[in-house]
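Student: Okay, here's what each chain looks like letter by letter:
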Amino acid sequence: MNVMIIDPKDNVAVAVEPVKKGEALEARGGLLGVTAREDITIYHKIAIRSIAKGEPVVKYGEHIGLAKADIEPGSHVHTHNVADHREAL
Amino acid sequence: MVFQGYRRPDGRIGVRNKVLILPVSACASDTARIVASRVEGTVTFNNQNGCSQVGADQQFTMDVMAGFAANPNVYGSVVISLGCENCQMDMVVDAIRKRTNKPLVQFIIQECGGTLKTVELAVQAAEKMVEEASKVKKETFPLSELIVGTECGGSDPTSGLAANPLIGEMSDRLAAAGATSILSETTEFIGAEHILARRGVTPEVSAQIYDIVHRYEKALQLVGEEVRAGNPSPGNKAGGLTTLEEKSLGCIHKGGHSPVNAVYDYAKQVEPHKGLVIMDTPGNDPSSVAGMAAGGCQVVVFSTGRGTPTGNPIVPVIKITGNKLTYANMKDNIDIDASPVLYGPQTLEDMGDVLMEELMEVCSGKLTKAEALGYTEMAIARVCNYV
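So the sequence lines, in the order shown, correspond to chains G and Y.
Numbering of the first sequence is given in the numbering used here, commencing with residue 1 and proceeding in unit increments.
Numbering of the second sequence is given in the numbering used here, commencing with residue 1 and proceeding in unit increments.
One should not assume that every hint holds.
Said to hold, decoys possible - Computed list of lysine-lysine pairs in DSS-like fashion (alpha-carbon distance at most 27 Å, straight line):
no.	chain 1	residue 1	chain 2	residue 2
1	Y	K237	Y	K324
2	Y	K237	G	K9
3	Y	K237	G	K21
4	G	K68	Y	K237
5	G	K53	Y	K237
6	Y	K331	Y	K366
7	Y	K274	Y	K138
8	G	K20	Y	K324
9	Y	K117	Y	K128
10	Y	K98	Y	K128
11	Y	K237	G	K20
12	Y	K138	Y	K366
13	Y	K324	G	K21
These are computed hints drawn from the structure, not numbers from a lab.
Work out the full structure, taking the sequences as your base and the hints as a guide.
Tutor: Laid out in structure tokens, this is it:
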């Protein structure tokens, strides 16, 4: 096990161990069928589904920002590809 | 689930049986310390305030003093003032009496004739009160009698992944059982207030959630601070947090998934059997814990990533961490290792059982690590600086 999925709605997982490029992602329930496309620092996020540019990035079952670019499964998800977005207040 | 607690004459149920030596101001704090040091079974704290405050600030201090005296973990209070402070003894006693009819005696240093005479009288009164307190028999009470405060401090990435979700699991179970769980630390809702506000049971509660966040932001803007700018901090980002929404979601996870039934101002009396509620407190741990203790919570569950020793004079603080290295490193400060939430074999639900059992044991008298080490640090929220 090297990642954690916090909520079933999430399109990102969180690395709970350092993940190396090419490693298969495995959560508590088993392999996710996704391979890391790059090295991921522990506690950083990794896409588990395709996230198209402009789509919400979902963690804790909630929107934490919008994809600034198309994000492939297995990619690092952080400030380089996620924009802060304040929702209707 | 049940615990062994103490029934108070005002109908509330305590999980400790302390006599509070309550200093009304900074000028009475050392006298209170001397008195408390001479009588086993008493507790006190260093009150930095009580005088020279602007109105709204003084109100925080008054509410914390009244709330501490009324907290059901307290059998009764020996109130000590200097005499000339802004928080006059009769005001403090009135404020306490509005919340509770429990035993109370008062001493004014300037009227008693100095420290030594006050100490003598207050020690005698405290000794008598401790003796009376010791005669209260424990009884069995259901979980629904609990008001539990939740807090996070010294957070790291494991807080939002393991310890806070575990506290959220507890919070949901408390709400389902008809108890009260308090979500605190308004500064840490910022960025996720719209998500919390969706969970308000009425439009009024949702509006109150926005109000306390915006009020906090405005107060900080008055002194030139912008919370949203530069947040998440570079350290947060290095740890993997991308947006403020994400950071705040990790914090508000302590409130689980239940609807928010009420919002209380700092240190105001919280109602039992209310499910999930919010109290407007600072992110600063000792002052947030103090606000909830003043609100009447009997116990606080506190998540930490880096490890912290925080305790409280009248309320046991149960410390949990999701960071297995921190647990190994600071076992003398931390009660529960929540790292199985991340690494197994136990699930979040299994660990919820562990936390609930620990909660019942602590509420029945088991000492927390912070209690065993004698931690009683204490702060009262401020609205502005001294005048």
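Student: If any of the earlier hints don't hold here, list their numbers in rising order.
Tutor: Violated hints: none; all satisfied.
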